[in-house]
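*Asks:* Below are the chains, spelled out letter by letter.
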Amino acid sequence: AQSVAQPEDQVNVAEGNPLTVKCTYSVSGNPYLFWYVQYPNRGLQFLLKYITGDNLVKGSYGFEAEFNKSQTSFHLKKPSALVSDSALYFCAVRDKEGRRALTFGSGTRLQVQP
Amino acid sequence: DARVTQTPRHKVTEMGQEVTMRCQPILGHNTVFWYRQTMMQGLELLAYFRNRAPLDDSGMPKDRFSAEMPDATLATLKIQPSEPRDSAVYFCASGLVIGSKSGELFFGEGSRLTVL
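Chains as they are written, first to last, in this note's numbering: chain A, 1 to 114; chain B, 1 to 116.
Only chain B is shown next, with the shape it has when bound in the complex (with noise of 0.2 Å):
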């Protein structure tokens, strides 16, 4: 049964410190997308590859985050310095895009993140 795999599921940190979120996406898909969940904002997007470039980050923070496609297989999200506003569900998803055809996303089940 093919899923998006994050971690870590759960992260618990002080301010300051450097955090990073890791995702396998689907073996297969060509996209790959970062969203924040917060209640105040909802969902937000963050970061949209295709086929490891980027499309979209114009709703990350450039000052401490970052999200990288080191290969097919792993997709980075990473903030440095962390603060208390980014406490947070951060979700990877990944789906496949042919063209201008669009598949549906498939989300990984979230990385939990406490900034104390």
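One chain only, chain A, in its complex shape (with noise of 0.2 Å):
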């Protein structure tokens, strides 16, 4: 089975600092990982995602995100946030031999604050 634990149902950040978004996951074999946000009613729109490689993946709109295999984590980063970046935001894991679909967490929102 994969899963997906986003510990923070909401993260709050001022205006200009920077942020991080936690997610953690299990899967069977090496994964493939994604972020997505999604802003109100809207569907869910892609960030970034990391397949093999480099371990820091740069993204959308200035987010990057670090996979640690080890901590079996992909936590999404932003240097300097901004008001616009206030959303709901999911952490997605598949296994690499495609036999499942995407499986994501429960989201975490972000506010942050002008």
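Misleading hints may appear alongside valid ones.
As the list claims (entries may be wrong) - To give a feel for the contact side, a few chain A residues facing chain B, derived at Cβ under 7 Å:
id, residue
1, Y25
2, G29
3, P40
4, F46
5, K49
6, L88
7, S106
Unchecked claim - Have a look at the derived ranges for each label pair, beta carbon to beta carbon:
id, chain 1, residue 1, chain 2, residue 2, range
8, A, N17, B, A53, 43 to 53 Å
9, A, Y39, B, T5, 14 to 24 Å
10, B, N30, A, P114, 41 to 51 Å
11, A, G29, B, S58, 13 to 23 Å
12, A, Y61, B, K78, 31 to 41 Å
13, B, P61, A, K96, 23 to 33 Å
14, B, K62, A, N17, 44 to 54 Å
15, B, G28, A, Y61, 24 to 34 Å
16, B, S66, A, S60, 43 to 53 Å
17, A, S60, B, K62, 29 to 39 Å
18, B, P70, A, N17, 44 to 54 Å
19, A, Q71, B, Q17, 41 to 51 Å
20, B, T5, A, S60, 17 to 27 Å
21, B, S58, A, T72, 22 to 32 Å
Rather than coming from a laboratory, the hints here were simulated on the basis of the structure. Ideal placement from N, C-alpha and C gives every residue a C-beta, glycine not left out.
Mind docking these for me? Both chains are given alone in their own frames, and the hints should help you get the complex.
*Replies:* Shown next, in the form of structure tokens:
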């Protein structure tokens, strides 16, 4: 079975400060890992993915994520938060063989205060 | 600008009625997914198709839900009969998988279903 845990329901950060949204995963074998963002009344939008290679992955809108195999984590980060980053963020995992569809975490609401 | 198109965007119906949601995946994508989003359960996978064949529908209530891909440009999710607990936002997503390599999923804007 594959699963994703996002331990924080909400993360609050002041504009201009760095942000981190946490994600840990469980999957058989090597993982494909993804981050998606959802704005109100919209579908999910792809931010970034880890497939293989460099553990630090850079994505859209200045976001990046670090794959840590020993800790089975894939935390989302941004050096300087914007108010417009306020949204719902989902981490997702899939096994490399593609036997199963993406499994999503429960989501973390990011609130960036001006 | 390629996108996944879902219809209807909003549907209000009465308990017991049949509901059909439609999805047009991005041209060339060979995988299609149906997810359901609720406040309580988050995002739940209902069905997963690859090359129009169902690979995983273990999350779908079989007694009332059915998912099909009559052709590569259309995926449908049907609920018959609908119940108030089916009220949710239903998302369709498509992606391209070649061998074991997987691209990202592209989501539609969702179909918001309210069953009274």
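*Asks:* Could you run down the list of hints and mark each one as holding or not?
*Replies:* Results of checking the hints against the structure:
Restraint check, A:Y25 versus chain B: the minimum CB separation of about 15 Å is more than 7 Å; hint violated. With a cut of 7 Å, the hint placing A:G29 at the interface with chain B is violated, because the nearest CB-to-CB distance is about 10 Å. Because the smallest distance between the Cβ of A:P40 and any Cβ of chain B comes to about 11 Å, over 7 Å, the interface hint for this residue is violated. For A:F46, the shortest C-beta to C-beta distance to chain B is roughly 4 Å, which falls under 7 Å, so the interface hint holds.
Checking A:K49 against chain B by beta carbon gives a least distance of about 6 Å; that is within 7 Å, so the hint holds. Annotation: interface hint on A:L88 violated; nearest CB of chain B at approximately 10 Å, more than 7 Å. About 5 Å separates the beta-carbon of A:S106 from the nearest beta-carbon of chain B, less than 7 Å, and the hint is met. Our hint of 43 to 53 Å for A:N17 and B:A53 holds, since their Cβ atoms are close to 48 Å apart.
Distance hint check: the CB atoms of A:Y39 and B:T5 are about 18 Å apart, consistent with the given range 14 to 24 Å. For B:N30 paired with A:P114, a C-beta distance near 44 Å keeps the hint of 41 to 51 Å intact. Between A:G29 and B:S58 the CB atoms are about 20 Å apart, so this pair conforms to the stated range of 13 to 23 Å. Between A:Y61 and B:K78 the beta carbon distance is about 37 Å. The supplied range of 31 to 41 Å therefore holds.
Hint check: B:P61 to A:K96, Cβ distance near 30 Å, so the stated range 23 to 33 Å holds. Between B:K62 and A:N17 the C-beta distance comes to about 48 Å, which sits within the given range of 44 to 54 Å. In this structure, B:G28 and A:Y61 meet the distance hint of 24 to 34 Å, their C-beta atoms being roughly 26 Å apart. For the pair B:S66 and A:S60, the supplied restraint of 43 to 53 Å is violated, since their beta-carbon distance comes to about 36 Å.
Distance hint check: the CB atoms of A:S60 and B:K62 are about 38 Å apart, consistent with the given range 29 to 39 Å. In this structure the hint that B:P70 and A:N17 lie 44 to 54 Å apart at CB holds, the actual value being about 50 Å. In this structure the hint that A:Q71 and B:Q17 lie 41 to 51 Å apart at CB holds, the actual value being about 49 Å. Remark: the range hint 17 to 27 Å for B:T5 to A:S60 is upheld by a beta-carbon distance near 22 Å.
Look at B:S58 against A:T72: about 24 Å separates their beta carbons, and that is inside 22 to 32 Å.
When held up to the earlier numbered hints, the structure conflicts with 1, 2, 3, 6, 16 and fits the remainder.
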